[in-house]
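K.L.:
Sequence:
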Amino acid sequence: MDNRLSPPQGPFQPTWESLQSYQIPRWYQDAKFGIFIHWGLYAVAAFGNEWYPRNMYLQGTPEYEHHVATYGPQARFGYKDLIPFFTAERFDPDEWAGLFRRAGAKFVVPVAEHHDGFAMYDCGLSDWCAAKMGPRRDLIGELAAAVRRQWLVFGLSSHRAEHWWFYDGGMQFDSDVQDPRYAGLYGPAQPRDTQPHEAFLEDWLARTCELVDKYQPQLVWFDWWIEQPAFAPYLQRFAAYYYNRGAQWQRGVAINYKHGAFPDGTAVYDVERGQLADTRPIFWQTDTSISKNSWGYVQDQNYKTATALIGDLVDIVSKNGAMLLNIGPRPDGVIPEPEQEILLEMGRWLALNGEAIYGTRPWRVYGEGPTQVVSGSFADTKRADFGSRDIRFTTKGDALYAIVLGWPAGGEVTIQSLGTHLTLYPQAIGSVEMLGCAEPLRWSQGVRGLRVRLPESAPCQHAVVLRIRPRQGG
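Just so we're aligned, residue 8 is where the sequence shown starts under this note's numbering, counting upward by one.
Worth flagging that the hints you see were computed from the coordinates, not collected in a lab. From a predicted model like this one, the values you see are computed outputs, not experimental measurements. One or more of the hints may lead you astray.
As the list claims (entries may be wrong) - If you anchor each label on the Cβ, the simulated ranges turn out as follows:
id: 1; residue 1: Pro447; residue 2: Ala391; range: 30 to 40 Å
id: 2; residue 1: Arg188; residue 2: Lys389; range: 36 to 46 Å
id: 3; residue 1: Thr94; residue 2: Lys389; range: 36 to 46 Å
id: 4; residue 1: Thr94; residue 2: Arg476; range: 53 to 63 Å
Every residue, glycine too, gets a C-beta built ideally from N, C-alpha and C.
Using the sequences and the hints given, assemble the complete structure.
P.N.:
Spelled out as structure tokens, the structure:
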């Protein structure tokens, strides 16, 4: 591989101007729902969250105290010493991929390398990887093949940028972070307020391009620290490299970024653990976790409900977004049973109502109702639950879908956005049906909205979907 990693032949050059011609692939805009997977050495400790490797070296934190009490001082037993316990002996990639398909997901994005610096793939630039230590398996490669066997789209994430400073706490006291024998894992361990140097940035670029060439992902997800000024030219070089590879493969590819790391139109904007208050004209994504307190496996998970997650999915899709929902497998490779149950519950809902999700586009307004979504990152638990007066819209072909996020107590719903005094839906309504219900619905339209009498019982748990079509010739 060329040390300068020149872009492969293709339409893109490493400039923002050239990258403005990027087009978000159709598969992504149609897919709407993907699975994120945080699986790594931090699952062995199963304490706190996936930032255990950083926090165990920050004196005074619960992780620091837990580590000393459980394993001993960090100079004698460091993060590296968890590797033999990360066995993956029960990891069955085909079982995982089958679960994701039954969950209704259309794409899968495992973490290839988290901030901790332990690569979950067969890395040619480091010995600190799952193919050479611990399970001695190319976990990313195995999962990529299994996901594709289920006709799902494969992506991956790199959190390598944050590795620059992730272990800096270990430089403040006697710990194995300071031992040069382990520099390949613990990395620079520089202060967080410093900019990475050229050697680190070149290594970041080489590792990320290696992931592209080795696994041909159709989605590459980045965490927030790539927004640092030093990364800007490297982001342009990587995007040109990756987009040109996608052109060679004749597959649509995409990059996820946070905050302002990429200019609008050059990649896909991502909001962590949060949503947007209104429709975004350019397609976007939420990444969030099935658990409120951790992305990786811990013993005391505080899980969200399937109802809440389905409501979030509907809200995101109505605003021109997609949901990337994270799970955290155990170190042996088993996905915790509560997480499997939540995914399967979502899959049952999507099997009945996916017509209103997959392949849809936003309507003139995203929805109506009293529940206000707090816009931005880390706001997913800062609002009340959606209720029966909260309605979200999607559209496909001549169908308008009104997704009611709770079952009305009175058995009737009024959709104010479809009032005859408004011009949002200028056609005459010809039919109103509920997905999963064969019983004809009684409805009427007036100034106050479209009033629909619902059937005696809901066809499913969670949200219900009304499919509205115009009168033929009307």
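K.L.:
Does each hint hold? Answer for all of them.
P.N.:
How the hints compare with the structure:
1. Judged by the Cβ atoms, the range 30 to 40 Å given for Pro447 and Ala391 holds: they are separated by roughly 34 Å.
2. Here the CB-CB span from Arg188 to Lys389 is close to 45 Å, well matched to the stated 36 to 46 Å.
3. About 38 Å separates the C-beta atoms of Thr94 and Lys389, a value consistent with the hinted range of 36 to 46 Å.
4. Our hint of 53 to 63 Å for Thr94 and Arg476 holds, since their Cβ atoms are close to 54 Å apart.
The structure agrees with every numbered hint stated previously.
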